[in-house]
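Visitor: Starting from the given sequences, assemble the full structure and let the hints guide the process.
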Amino acid sequence: MMGFRFKGGAFLASAVLLAMLASTALADPGLSDGRILIGQSAPFTGAAAQIGVQYNLGAQVYFDALNAAGGIHGRKVKLITADDKYEADAAAANTEHFINEDHVFALFGYVGTPTSVAAMPIFMREKVPFFAPFTGAEVLRSPVNHYVFNIRASYFDETEHLVDQLVALSITHIAVFYQNDAYGEAGLAGVKRAMARHNLTVAALATVQRNSTEVSKAAQTLLLAQPQAIIQISAYQSCAALIRAMKQQGYAGQFLNVSFVGSQALADVLGPAGVGVEISQVVPFPYKAELPIVREYQRAMESAGVKQKIDYSSLEGYIAARVFAEGMRRAGANPTREGFISALETINPSNFDLGGFDVEFSPKSHYGSRFVDETMILPDRKFRD
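Going by the working numbering, the final residue of the sequence shown carries number 385, and the count climbs one at a time with no gaps.
Check each hint, because a few of them may be wrong.
[What the hints assert, rightly or not] Here are the simulated lysine-lysine pairs, DSS-like style, with alpha carbons at most 25 Å apart:
1) Lys-307 <-> Lys-382
2) Lys-309 <-> Lys-288
3) Lys-307 <-> Lys-288
4) Lys-192 <-> Lys-217
5) Lys-382 <-> Lys-247
6) Lys-309 <-> Lys-78
7) Lys-192 <-> Lys-127
8) Lys-85 <-> Lys-288
9) Lys-127 <-> Lys-364
[Unchecked claim] Just the calculated beta-carbon pair ranges, DEER-fashion:
10) Thr-221 <-> Ala-289: 37 to 47 Å
11) Leu-223 <-> Val-306: 35 to 45 Å
12) Asp-89 <-> Lys-309: 43 to 53 Å
13) Asn-145 <-> Lys-309: 44 to 54 Å
Calculated directly from the structure, the hints in this document are not laboratory data.
Beta carbons: idealized from backbone N, C-alpha and C, even for Gly.
Guide: In structure tokens form, the structure reads like this:
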């Protein structure tokens, strides 16, 4: 009889052990009892480095505070990074490594359109969530992609705002300076679309290569056209180079940028030449604590000892991390990638108060936000709301 009970106990223990092993084997990658592993490919060196550095800083400040408070259902978020220098091939290689070598649960905070587009076939093939890329490209929004969740408004939203503001001031002779890649083409399409709504066409076009500041030909093209305003769709180094080149040759028109330019980085590079340059923004003004989300962000940056790094890009990273964490909370104590996706699709302003910045997802829309504001660079590299 004792032998029978022993055999039964051994059988039961074996069954439990097998069930636990099966459960572990079936669990999605990137999860353990104490950790959620996510990966970010972004430019941390090169001509767009400050965008990646600042976005990552804001996200890490939130995750560090979250982890210090116990994490999410007992798991701490670990964000690993890889430098892609804002190059598509490097981003694709980083994505493969994150998924197949590091075994991340999700991809987070990629910076740029060409880099995100290069990652897309990989994360779709592997069915990995792609959360909060720093790009407004329409290809990541329409049609809705099951694996992509955007926080920021689109380039269509931003360029429509800029064009509408110019037309309201009777400025209709508008040129476009754009990066010769998927990002620049996306922004250019947005400008053309917005201008067509006003029965206008673009006055002149000029391009620059990604990660280049060779803008002499572009400057000459635009100087010949003498537009009233130039909308720039590029990164901060090339935009700054064009502004300087044209101002040195007497151009007195208006320069406008979309948010991807990296506002503080552009102001820092331009110095006095930046005064009056305008930038559309997709998150609230980070320098005044008027909204609860901005007050929370500012306190977190101060507590982390990086108060001097407050800017639009780090605020966007902070917001993205906050929404990511909410999705993981809703996914429950035993999350899966598909469970995380479904949980995110329940987030909307009626059940998630982000302190004055609305984010909304559903199974039919992973758009997130359409918030667009505009700011201007003031003397001393500061901004007017």
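Visitor: The structure should be examined with respect to each hint, and the outcome stated for every one.
Guide: The hints, checked one at a time:
As the CA atoms of Lys-307 and Lys-382 are separated by approximately 15 Å, the hinted pair is consistent with the 25 Å bound. With a C-alpha separation of about 14 Å, the suggested pairing of Lys-309 with Lys-288 holds against the 25 Å cut-off. In summary, the hint linking Lys-307 to Lys-288 is supported, as the alpha carbons are separated by about 13 Å, within the 25 Å threshold. A C-alpha spacing of about 22 Å is found between Lys-192 and Lys-217, which places the hinted pair at or below 25 Å, so the restraint holds.
Distance check on the hinted pair: Lys-382 and Lys-247 sit about 20 Å apart at the alpha-carbon level, within 25 Å; holds. The straight-line distance between the Cα atoms of Lys-309 and Lys-78 is roughly 22 Å, inside the 25 Å bound, and the hint therefore holds. Simply put, Lys-192 and Lys-127 have alpha-carbon atoms about 34 Å apart, too far for the 25 Å limit, and the pair is violated. Taking the CA atoms of Lys-85 and Lys-288, the gap is about 32 Å. The hint is violated against a cut of 25 Å.
With a CA separation close to 18 Å, the supplied pair Lys-127 and Lys-364 stays within the 25 Å bound. Checked against the given bound of 37 to 47 Å, the beta carbons of Thr-221 and Ala-289, roughly 43 Å apart, stay inside it. Roughly 41 Å separates the CB atoms of Leu-223 and Val-306, a value that falls within the hinted 35 to 45 Å. The hint said 43 to 53 Å for the Cβ distance between Asp-89 and Lys-309, and at roughly 30 Å that hint is violated.
A hinted range of 44 to 54 Å for the beta carbons of Asn-145 and Lys-309 is inconsistent with their spacing of about 32 Å.
Of the numbered hints given earlier, the model fails hints 7, 8, 12, 13; all others are met.
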